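*Asks:* Chain by chain, the residues:
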Amino acid sequence: MKKDLLSLDGVTEKVADLIGTSRYQRLVSSLAEAVGSVSKATKRGSGEALSAMVLSKLDSDALSRFAKSKELIYVSATNGKTTTTAMITAVLGGSDAVITNKAGNNMTAGVTFALSRAGERNLAVLEVDESHLPIVSKRAPATSYVLMNLSRDQLDRVSEVRSIAEKWRTMLASNPSARVYANVSDPHIAYVVRDHSDVVSFEVGSRWNLDATVCPICESKVDFREDIGDYHCVSCDFGKPKSSYVFMGDELYRGGKLVAIIKTSLPGNFNLMNAAVATIVGVERGISFEAIESALTTLSGVGGRYSIYKVSGRFVTAFMAKNPAGWQQIIEMLSDSTQPLIIGINANVADGKDTSWLYDIDFSPFGDREVVVVGERRYDIAVRLSYGGVSHRVVDTYGEAINSFEEGSEITYVGNYTEFSSALRYLNEVGEEIK
Amino acid sequence: MKVVQLFPDLLGTYGDSGNGEILFRRARARGVGASYQRVFYGDPIPRDGDIFVLGGGEDGPMQLARDALHRDGFLGDLSSTNHQILAICAGLQILGERFVTSKSPSSPGLGVIPIVTERIENHKRIVGEVVVEADSALELPILTGYENHGGESRLLEGVPLGRVISGVGNSYSSKIDGFFNDRIIGTYMHGPVLARNPLLADLIICRLEPKGLNSFSPLEVDREVEQLRENILSQRGMSLSRRIGLR
Numbered sequence: 124m125k126k127d128l129l130s131l132d133g134v135t136e137k138v139a140d141l142i143g144t145s146r147y148q149r150l151v152s153s154l155a156e157a158v159g160s161v162s163k164a165t166k167r168g169s170g171e172a173l174s175a176m177v178l179s180k181l182d183s184d185a186l187s188r189f190a191k192s193k194e195l196i197y198v199s200a201t202n203g204k205t206t207t208t209a210m211i212t213a214v215l216g217g218s219d220a221v222i223t224n225k226a227g228n229n230m231t232a233g234v235t236f237a238l239s240r241a242g243e244r245n246l247a248v249l250e251v252d253e254s255h256l257p258i259v260s261k262r263a264p265a266t267s268y269v270l271m272n273l274s275r276d277q278l279d280r281v282s283e284v285r286s287i288a289e290k291w292r293t294m295l296a297s298n299p300s301a302r303v304y305a306n307v308s309d310p311h312i313a314y315v316v317r318d319h320s321d322v323v324s325f326e327v328g329s330r331w332n333l334d335a336t337v338c339p340i341c342e343s344k345v346d347f348r349e350d351i352g353d354y355h356c357v358s359c360d361f362g363k364p365k366s367s368y369v370f371m372g373d374e375l376y377r378g379g380k381l382v383a384i385i386k387t388s389l390p391g392n393f394n395l396m397n398a399a400v401a402t403i404v405g406v407e408r409g410i411s412f413e414a415i416e417s418a419l420t421t422l423s424g425v426g427g428r429y430s431i432y433k434v435s436g437r438f439v440t441a442f443m444a445k446n447p448a449g450w451q452q453i454i455e456m457l458s459d460s461t462q463p464l465i466i467g468i469n470a471n472v473a474d475g476k477d478t479s480w481l482y483d484i485d486f487s488p489f490g491d492r493e494v495v496v497v498g499e500r501r502y503d504i505a506v507r508l509s510y511g512g513v514s515h516r517v518v519d520t521y522g523e524a525i526n527s528f529e530e531g532s533e534i535t536y537v538g539n540y541t542e543f544s545s546a547l548r549y550l551n552e553v554g555e556e557i558k
Numbered sequence: 002m003k004v005v006q007l008f009p010d011l012l013g014t015y016g017d018s019g020n021g022e023i024l025f026r027r028a029r030a031r032g033v034g035a036s037y038q039r040v041f042y043g044d045p046i047p048r049d050g051d052i053f054v055l056g057g058g059e060d061g062p063m064q065l066a067r068d069a070l071h072r073d074g075f076l077g078d079l080s081s082t083n084h085q086i087l088a089i090c091a092g093l094q095i096l097g098e099r100f101v102t103s104k105s106p107s108s109p110g111l112g113v114i115p116i117v118t119e120r121i122e123n124h125k126r127i128v129g130e131v132v133v134e135a136d137s138a139l140e141l142p143i144l145t146g147y148e149n150h151g152g153e154s155r156l157l158e159g160v161p162l163g164r165v166i167s168g169v170g171n172s173y174s175s176k177i178d179g180f181f182n183d184r185i186i187g188t189y190m191h192g193p194v195l196a197r198n199p200l201l202a203d204l205i206i207c208r209l210e211p212k213g214l215n216s217f218s219p220l221e222v223d224r225e226v227e228q229l230r231e232n233i234l235s236q237r238g239m240s241l242s243r244r245i246g247l248r
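Chain order of the listed sequences is A and B.
Heads up: the first sequence begins at 124 in our numbering, then just goes up one per residue.
Heads up: the second sequence begins at 2 in our numbering, then just goes up one per residue.
Hints were generated in silico from the structure; no laboratory data involved.
The structure displayed is predicted, hence computed values, not measured ones.
Wrong hints could be hidden among the right ones.
[As the list claims (entries may be wrong)] 27 Å max Cα-Cα, derived DSSO-like pairs, lysine-lysine:
{"#": "1", "chain 1": "A", "residue 1": "290", "chain 2": "B", "residue 2": "104"}
{"#": "2", "chain 1": "A", "residue 1": "386", "chain 2": "A", "residue 2": "261"}
{"#": "3", "chain 1": "A", "residue 1": "225", "chain 2": "A", "residue 2": "261"}
{"#": "4", "chain 1": "B", "residue 1": "104", "chain 2": "B", "residue 2": "125"}
{"#": "5", "chain 1": "A", "residue 1": "225", "chain 2": "A", "residue 2": "476"}
{"#": "6", "chain 1": "B", "residue 1": "3", "chain 2": "A", "residue 2": "476"}
{"#": "7", "chain 1": "A", "residue 1": "225", "chain 2": "A", "residue 2": "191"}
{"#": "8", "chain 1": "B", "residue 1": "125", "chain 2": "A", "residue 2": "476"}
{"#": "9", "chain 1": "A", "residue 1": "363", "chain 2": "B", "residue 2": "104"}
{"#": "10", "chain 1": "A", "residue 1": "290", "chain 2": "A", "residue 2": "344"}
{"#": "11", "chain 1": "A", "residue 1": "363", "chain 2": "A", "residue 2": "380"}
{"#": "12", "chain 1": "A", "residue 1": "261", "chain 2": "A", "residue 2": "180"}
{"#": "13", "chain 1": "A", "residue 1": "344", "chain 2": "A", "residue 2": "365"}
{"#": "14", "chain 1": "A", "residue 1": "261", "chain 2": "A", "residue 2": "191"}
{"#": "15", "chain 1": "A", "residue 1": "344", "chain 2": "B", "residue 2": "176"}
{"#": "16", "chain 1": "A", "residue 1": "290", "chain 2": "B", "residue 2": "125"}
{"#": "17", "chain 1": "A", "residue 1": "193", "chain 2": "A", "residue 2": "290"}
{"#": "18", "chain 1": "A", "residue 1": "344", "chain 2": "A", "residue 2": "386"}
[What the hints assert, rightly or not] Short, incomplete list of chain B residues facing chain A, as computed with Cβ under 10 Å:
{"#": "19", "residue": "18"}
{"#": "20", "residue": "209"}
{"#": "21", "residue": "219"}
Yeah, the Cβ is synthetic: ideal placement off N, Cα and C, and Gly gets one too.
Model the full assembly from the supplied sequences, consistent with the hints where possible.
*Replies:* What follows is the structure, given as structure tokens:
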């Protein structure tokens with residue numbers, strides 16, 4: 124074959140001419156679809172993440188274009204954003220009425236892809252990664268933000284907690300008319316919304332405050348009164364602001380008056396808190412408590428979380444906990460049972476390459492049950508548990524882990540980010556989802 | 002033997018509070034009567050502590066910790082006491098002559114360690130695995146840790162904890178990590194460093210216990226630590242002979 128037949132001379136120029144035209148946009152959309160289908164057909168994944176990537180890489184205007192004239196609600200937090208997004212989506216009419224992104228596809232590409240599939244729907248409830256929120260928001264400013272908590276997560280990869288809080292503040296300053304639903308139980312969130320005007324503030328107590336002991340304004344010490352859920356800076360005037368809603372136990376108060384008892388079909392106190400947040404957003408949008416309750420009590424597994432899988436005669440429920448604050452919630456949830464436990468730990472890029480955060484968690488409440496550890500970094504968690512006085516077994520595979528418990532056992536699995544994903548793949552392949 | 006973890010609410014955000022727990026557990030497992038106390042910011046620093054452990058932290062917290070230690074005065078005067086100090090990262094920096102924060106290029110330290118820390122020029126923040134060959138006087142196997150700091154430290158005098166085999170350590174140009182003398186061990190290694198390097202924990206305990214290092218037998222947990230070290234060091238391409246960290 125002659126060389127000049129293969130020459131690409133002129134092609135780049137032609138493509139450059141095309142960029143930005145509607146024809147180019149259609150081409151990119153088709154390409155994204157095609158790549159996604161290939162990925163799905165070759166069982167590399169659902170294909171959506173790859174489609175989303177192609178779409179947002181090749182068409183940088185796609186996000187702002189697809190977002191145009193839509194009502195956007197962004198949900199962000201270190202912990203609980205996936206579940207709370209699912210809950211708010213359910214409360215506001217479910218995915219038939221609401222555009223939403225799949226668990227984890229929460230950066231620019233994932234948000235763009237979800238919006239590209241809007242169809243006739245105009246309202247979007249989107250989970251956005253906390254460090255990407257300002258980036259997404261710059262291209263497609265939200266109508267409302269739901270800001271829940273900020274704690275340490277993958278310190279080697281993402282900037283530190285206070286610098287994210289600072290970026291969120293700047294983001295809100297450039298979007299002054301946005302409505303913000305803010306959990307002011309978290310001092311970082313209180314700081315973020317301090318100068319914003321349209322704020323629906325609420326308190327859904329967060330137990331984890333080791334990441335917020337320093338005043339975000341003057342860097343002095345913040346004192347916590349955990350018994351009454353209050354905090355204030357010892358030097359300046361920063362402290363917990365007054366809030367419109369307070370959630371205690373399972374009771375939601377507005378202006379000091381009990382307005383609802385929160386219920387949800389998902390387990391754990393932390394999901395009750397997430398449900399309270401979804402309730403507040405629903406009520407503020409004029410949805411009745413009855414409708415909200417019905418949505419929140421019929422919700423089942425969210426991206427595989429909380430589902431029960433039957434595997435060789437044993438029953439496994441999977442939870443993700445990827446940082447000390449998340450673990451704290453899981454430990455609280457499991458405190459009233461002695462169910463056997465599988466802990467899985469990886470240290471890939473998405474998990475944070477460093478496992479030292481395991482020492483910021485008090486695992487001693489697990490001393491009363493059978494514990495098995497798995498994952499690429501199973502010896503890191505094994506050593507941690509040994510020093511915490513928790514006896515355990517180390518195994519190489521999920522099969523070994525599950526079969527090491529008696530038949531009929533109800534087993535809880537808790538893993539960090541990529542380890543949780545591979546456990547879910549295993550459970551879906553080998554097990555049967557029964558609930 | 003009383004192990005005191007200083008200000009885990011300020012200096013301990015990288016799992017470094019585990020070091021205190023590990024010293025306590027290992028001492029107890031060897032039959033040494035040990036106790037463990039976490040001293041939070043604002044609490045008095047106990048005068049009867051034997052081992053004081055300081056962890057890493059962010060700019061604001063490390064200055065608060067420095068101020069509190071300065072007001073207290075106790076750790077600043079090592080000559081009159083017989084305690085051991087383990088200081089990691091920000092803990093190491095505030096014990097030095099001066100250190101750097103986002104707000105101040107030169108903030109005075111406690112002057113216990115002859116080290117100065119300055120802002121990193123022309124290089125990225127130092128983040129990643131670090132492998133260190135400890136000073137031969139310490140008779141320790143290869144040390145490993147996870148470093149994550151935005152300052153470069155220069156030793157003015159004295160001996161570093163070890164030579165950096167891979168990673169960065171105190172500074173890009175020096176190829177050394179930390180500092181040690183007969184009272185202090187300072188390092189940039191998180192992990193926590195004592196979880197990954199149990200013989201360093203035993204060394205600190207032995208400095209207070211006349212029995213000596215060799216009378217300490219390996220613990221149950223050490224088989225798991227060996228696997229952990231094997232994982233980490235084989236990834237770093239270390240030869241098997243260097244990986245064998247435990248007796």
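*Asks:* Are the hints correct? Go through all of them and say.
*Replies:* Right, here's what the structure says about each hint:
1. 290(A) to 104(B): holds (18 Å)
2. 386(A) to 261(A): Roughly 36 Å between the alpha carbons, so the hint for residue 386(A) and residue 261(A) is violated.
3. 225(A) to 261(A): Holds, at roughly 22 Å.
4. 104(B) to 125(B): holds (19 Å)
5. 225(A) to 476(A): Holds, at about 25 Å.
6. 3(B) to 476(A): Given that 27 Å is the threshold and the Cα spacing comes to 33 Å, the pair is violated.
7. 225(A) to 191(A): Answer holds: residue 225(A) to residue 191(A) is near 21 Å, not above 27 Å.
8. 125(B) to 476(A): Measuring from Cα to Cα gives roughly 17 Å; hence the hint holds.
9. 363(A) to 104(B): Measuring from Cα to Cα gives roughly 26 Å; hence the hint holds.
10. 290(A) to 344(A): Since the Cα atoms of residue 290(A) and residue 344(A) sit roughly 22 Å apart, the hinted pair holds (cutoff 27 Å).
11. 363(A) to 380(A): At roughly 20 Å apart (the allowed maximum being 27 Å), residue 380(A) and residue 363(A) satisfy the hint.
12. 261(A) to 180(A): holds (17 Å)
13. 344(A) to 365(A): holds (20 Å)
14. 261(A) to 191(A): Roughly 13 Å between the alpha carbons, so the hint for residue 261(A) and residue 191(A) holds.
15. 344(A) to 176(B): Distance ~36 Å between residue 344(A) and residue 176(B) Cα, so the pair is violated.
16. 290(A) to 125(B): Roughly 21 Å separates the two Cα atoms, so the pair holds.
17. 193(A) to 290(A): holds (24 Å)
18. 344(A) to 386(A): violated (36 Å)
19. 18: Given a least distance of 6 Å, the restraint on residue 18(B) holds.
20. 209: It is violated, given that the least Cβ distance between residue 209(B) and chain A is near 20 Å, above 10 Å.
21. 219: violated (13 Å)
In terms of the numbered hints stated before, the structure departs from hints 2, 6, 15, 18, 20 and 21, listed from lowest to highest.
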